[in-house]
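1 is the number of the first residue of the sequence shown in the UniProt record's numbering; add one for each residue after it.
Hint data in this document are derived by calculation from the structure and do not stem from the laboratory. Quantities reported herein were computed from a predicted structural model and do not represent experimental measurements. Backbone N, C-alpha and C fix where the C-beta goes; we use that ideal spot for every residue, glycine too. The reader is advised that the hints may include incorrect statements.
To be verified - Computed beta-carbon distance windows for the label pairs:
hint	residue 1	residue 2	range
1	Q5	E123	17 to 25 Å
2	R134	G112	36 to 44 Å
3	R79	K2	39 to 47 Å
4	A142	T115	34 to 42 Å
5	A142	N114	34 to 42 Å
6	K113	R133	42 to 50 Å
7	T69	L89	29 to 37 Å
8	R134	L110	30 to 38 Å
9	I131	G85	16 to 24 Å
10	P141	D84	26 to 34 Å
Stated by the list, open to error - Taking lysine-lysine pairs in the PhoX-like style, the calculated list, with each CA pair at most 25 Å apart, reads:
hint	residue 1	residue 2
11	K71	K4
12	K126	K4
13	K113	K2
14	K117	K2
15	K117	K71
16	K71	K137
17	K4	K135
18	K4	K117
19	K71	K135
20	K113	K71
21	K113	K126
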Amino acid sequence: MKQKQEVMEQVLLDQLSRHVISDVEQDADPDRQNPCDPTSTTNAAPLRFRSRRLHNTKVSTVGATTVSTLKDRSTFGARVVTRDGRDALRELFGFYFHVDQTLTVYEYRLFGKNTNKAMPLVERGKYSHVIGRRKGKRYSPADFEL
Numbered sequence: 001m002k003q004k005q006e007v008m009e010q011v012l013l014d015q016l017s018r019h020v021i022s023d024v025e026q027d028a029d030p031d032r033q034n035p036c037d038p039t040s041t042t043n044a045a046p047l048r049f050r051s052r053r054l055h056n057t058k059v060s061t062v063g064a065t066t067v068s069t070l071k072d073r074s075t076f077g078a079r080v081v082t083r084d085g086r087d088a089l090r091e092l093f094g095f096y097f098h099v100d101q102t103l104t105v106y107e108y109r110l111f112g113k114n115t116n117k118a119m120p121l122v123e124r125g126k127y128s129h130v131i132g133r134r135k136g137k138r139y140s141p142a143d144f145e146l
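All chains, full assembly: derive it from the sequences and hints.
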């Protein structure tokens with residue numbers, strides 16, 4: 001039970017940090033598009049005063065994922081099915097987020113003696129059906145046996 005709680009906390013932190021870092025809105029400021037462009041006359045200050053990407057980064061963007069939106073989820077254990085069965089013993093935890101109907105799968109790994117870490121195996125929103133009549137469509141709650 002403690003292991004499952006640790007995985008959930010690590011996944012929530014990972015999902016919250018991923019969206020803000022990779023959000024398209026972070027690069028929407030025209031001054032930050034190409035700070036070395038000599039034709040840009042918006043700022044006549046020297047480059048060392050203009051190129052401050054870290055300080056111009058927004059902490060929370062308009063479409064940012066929040067803890068309350070990630071609370072509406074289904075969690076499940078998963079297993080990799082292969083012909084040789086080599087990967088069947090991996091500890092996988094799946095999360096289905098009902099807000100945007102996306103799926104993510106994390107692998108729980110032990111590093112050293114005391115360090116446990118949840119590593120993303122399937123990125124959120126990047127996976128869909130690969131064969132059958134629903135090929136290309138995202139997974140839905142009906143696809144899981146809970």
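Range agreement (Cβ of L89 with Cβ of T69, hint 29 to 37 Å): holds (33 Å)
Does the structure keep K113 and K2 at a Cα separation of 25 Å or less? Judged against 25 Å, a Cα distance of about 16 Å means the pair holds.
- Query: Between K71 and K4, does the CA-CA distance stay at or below 25 Å?
  - Reply: Satisfied, since the Cα-Cα distance of roughly 15 Å is no more than 25 Å.
Range agreement (Cβ of T115 with Cβ of A142, hint 34 to 42 Å)
Since A142 and T115 have Cβ atoms about 37 Å apart, the given range 34 to 42 Å holds.
What's the verdict on K113 and K71, does the C-alpha distance respect the 25 Å limit or exceed it? With Cα atoms ~31 Å apart, K113 and K71 exceed 25 Å; violated.
For the pair supplied as a hint, K4 and K135, is the alpha-carbon distance within the 25 Å limit? violated (31 Å)
For this session: Please work out if K71 and K135 have their alpha carbons no farther apart than 25 Å.
Result: violated (28 Å)
K113 paired with K126 [C-alpha distance capped at 25 Å]: violated (33 Å)
query: Is the distance from the Cβ of R134 to the Cβ of L110 consistent with 30 to 38 Å?
result: Between R134 and L110, where Cβ atoms are some 36 Å apart, the hint holds.
- Message: Within 17 to 25 Å: is that where the Cβ-Cβ distance between Q5 and E123 falls?
- Response: Given a distance of about 23 Å, which is inside 17 to 25 Å, the answer is holds.
Do A142 and N114 keep their Cβ atoms within the hinted range of 34 to 42 Å? For N114 against A142, whose Cβ atoms are near 40 Å apart, the range 34 to 42 Å holds.
Discussion item. Please verify whether K126 and K4 have alpha carbons no more than 25 Å apart.
Written reply: holds (23 Å)
Of the numbered hints listed earlier, those contradicted by the structure are 3, 17, 19, 20 and 21.
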